[in-house]
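Peer 1: Please construct the entire structure, taking both the sequences and the accompanying hints into account.
Protein chains: 2
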Amino acid sequence: MSIVKRIMLLVILLLIIVSCKKSTDTSLKTINYKTDPLPSWNEGKTKKAILDFVTKVTDPDNPNFVRVEDRIATFDNDGNLWSEKPFYFQLAFALDRIHATASDHPEWKTTQPYKAAIEGNIKEVLTYGKHGLLKLVMASHTGMTTDEFNNIVTEWLATSKHPRFNRPYHTLIYQPMLELLDYLQTNDFKTFIVSGGGIDFLRVWAEEAYGIPEYQIVGSSLKTIFEYNNGKAVIKKLSEIDFINDKAGKPVGIHKHISKKPIFASGNSDGDLQMLQYAASNDKPSFMIYLHHTDAEREWAYDRESHVGRLDKGLDEAREKGWTVIDMKNDWKVVYPFQLQK
Amino acid sequence: MSIVKRIMLLVILLLIIVSCKKSTDTSLKTINYKTDPLPSWNEGKTKKAILDFVTKVTDPDNPNFVRVEDRIATFDNDGNLWSEKPFYFQLAFALDRIHATASDHPEWKTTQPYKAAIEGNIKEVLTYGKHGLLKLVMASHTGMTTDEFNNIVTEWLATSKHPRFNRPYHTLIYQPMLELLDYLQTNDFKTFIVSGGGIDFLRVWAEEAYGIPEYQIVGSSLKTIFEYNNGKAVIKKLSEIDFINDKAGKPVGIHKHISKKPIFASGNSDGDLQMLQYAASNDKPSFMIYLHHTDAEREWAYDRESHVGRLDKGLDEAREKGWTVIDMKNDWKVVYPFQLQK
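Taken in sequence, the protein lines are chains A and B. full-length UniProt numbering numbers the first residue of the first sequence as 1 and each following residue consecutively. full-length UniProt numbering numbers the first residue of the second sequence as 1 and each following residue consecutively.
Check before you lean on any hint, since a few could be wrong.
Put simply, identical chains are the same to the list, so a pair is met inside one copy or across any two.
Taking lysine-lysine pairs in the DSS-like style, the calculated list, with each CA pair at most 30 angstroms apart, reads [to be verified]: (1) Lys247 / Lys223; (2) Lys223 / Lys284; (3) Lys161 / Lys48; (4) Lys123 / Lys135; (5) Lys236 / Lys247; (6) Lys56 / Lys232; (7) Lys161 / Lys260; (8) Lys321 / Lys232; (9) Lys232 / Lys247.
Hints were generated in silico from the structure; no laboratory data involved.
Peer 2: Dropping the structure here:
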């Protein structure tokens, strides 16, 4: 091989190194743009609306560009990131706990909604509304430290199964929403969960399930107290409601934990309406999206008449204001991750 | 130029490109390790203790390695990231507001600590303790939306000046602490402010001043309410205290907003003691650090007898438990950014 050829070879090798370098530099963002960031979503106006919004707010040359620090996205959890039927999964946890600890609380036998819960009368439990459910949830979570609570939830998730799908509850998360979260995160959105559910319950499993850090989870809470004894420091959960992160509480919770107004808000029930209104009032471009449960076969179909996850006023307002509404049956190729073809 | 020389030149150029590529790829982390990540800190046991801790918890081969998701660092603000003398800067803001709005609140003339505030009797104001100060701070922040409040704070920061340094208050932040925050962030720590001060006050300016996102700021708060009217959505600040993030409130605030126990906790007063105890009780390696104000010439010297930022029990406990104590006078080359040599 001549010296020229050797040098040429070296040049080619160096060019390969440089181009390899470039390809490892290519972020997921670029890859996602080129292929399909939402593979479990059918083509159509819903998917297009999402892609169009994210494209315009992340393009510095677009008049609708939004700075990275303002790309706040908020997601309801129950019925929006995971299922909520036949009733809220945290309620299933609470009922199991109430059964396990009923003997320590004789007063529950004569007070609603505890009485109905012990009797297993879910239909009656649900008539006490979301506040009643929260009471039940909260009451079954007290008298322990946050560490003890975490252990109880972890144990419950590992051992209990959803009655219809016979699978652990935290596997009933929505594959298309996981892709949406990932797509937003890849585009430098900070994604937050803003749930009516208990903040401590969510934080046990949601970081791993959704790739959302514990400190980006907002929810309802009990009051807690700090206890210190000889180097041992714990947070104890008191049996007093601190904050209910539902309806008009959601914008308050967002202000408390996030501070900025979201530019992207995703929910599925009337409990999310104020959160969507709050995002819609942003002086930056914003995107409001409702998940409409229309799929009785693969998941559930419910809206205006449902006790759990009622979507009535929200649906009207979404249609009136042109917010995006996901039609689960037609917009989603699969519902749960376990339905993905291997 | 011969073809060989031309090709050699091309090779050299490509090598330069490759090496340039490498140097732009090199993260700040690597640069910081090689040079000095804490240039405003004098060499000594304090600086060494910080570097040693960060080095060991970020080294996957070290038995004290801590996963990125658990690298939570919490910082007090007043007297820890910026000065707090002659009295809390937010109190200066509150007093200015109280003067500006006193005519709307005739009841303040006969009720403490408002009376003392209107009379400009700071010494008496301070005798009402941190709770009294918070009352004053909170009372002067109400009857407006959060957006209106943000504008008032922004305006105040732009126009008011610290009496000793004759500079805007938010320029009196500590250069060595900025470097410490940056060093931790570079090493994949999530840095949080955990302050007794008002969360809404802090969030107006702290994101820009410290490079800490608004949602990583924890502080005391007023209750708020969501108001919606025909597409206009606001959060209104009520004149009722929601949460006081001081002393035993700090671990509660950390649980509420961050969820995880910190592995790095930094404070300067007895109000931070429980936060440091909380971090010290972490089952992962943790680092507790107190800033001791020992520099009457460049800043202030105070500890056990001070009304503002008293450090008494905390100093004893730090010494007893071997926590790191910063000696401001001897450990810091400069105090404020404006003292840096250009």
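Peer 1: Go through the copies and call it for Lys161 and Lys260: within, between, both or neither, with a Cα cutoff of 30 angstroms.
Peer 2: between (38 angstroms within a copy, 28 angstroms between copies)
Peer 1: Is it within, between, both or neither when you check Lys247 against Lys223 at 30 angstroms Cα-Cα?
Peer 2: Close inside one copy (20 angstroms) and across copies (16 angstroms); limit 30 angstroms.
Peer 1: Given identical chains, is Lys232 near Lys247, meaning Cα to Cα at most 30 angstroms, within a copy, between copies, both, or neither?
Peer 2: Answer is between: at 16 angstroms across copies they meet the 30 angstroms cutoff, but 38 angstroms inside does not.
Peer 1: Could you place Lys223 and Lys284 in one of the four classes (within, between, both, neither) given a Cα distance threshold of 30 angstroms?
Peer 2: between (35 angstroms within a copy, 26 angstroms between copies)
Peer 1: Please sort Lys161 with Lys48 into within, between, both or neither, judging by C-alpha distance up to 30 angstroms.
Peer 2: neither (36 angstroms within a copy, 51 angstroms between copies)
Peer 1: Since the copies are identical, ignore which copy is meant and state whether Lys321 and Lys232 lie within 30 angstroms (CA to CA) inside a copy, between copies, both or neither.
Peer 2: Between. Shortest inter-copy distance 14 angstroms satisfies the 30 angstroms Cα cut-off; intra-copy 53 angstroms does not.
Peer 1: 30 angstroms Cα cut-off: does Lys56 pair with Lys232 within a copy, between copies, both or neither?
Peer 2: between (51 angstroms within a copy, 24 angstroms between copies)
Peer 1: At most 30 angstroms between alpha carbons: which applies to Lys123 and Lys135, within, between, both or neither?
Peer 2: Close inside one copy (16 angstroms), not across copies (46 angstroms); limit 30 angstroms.
Peer 1: My question is about Lys236 and Lys247: at a cut-off of 30 angstroms on alpha-carbon distance, are they close within one copy, between copies, both, or neither?
Peer 2: both (27 angstroms within a copy, 16 angstroms between copies)
Going through the hint list in order, the structure does not satisfy hint 3, though it satisfies all others.
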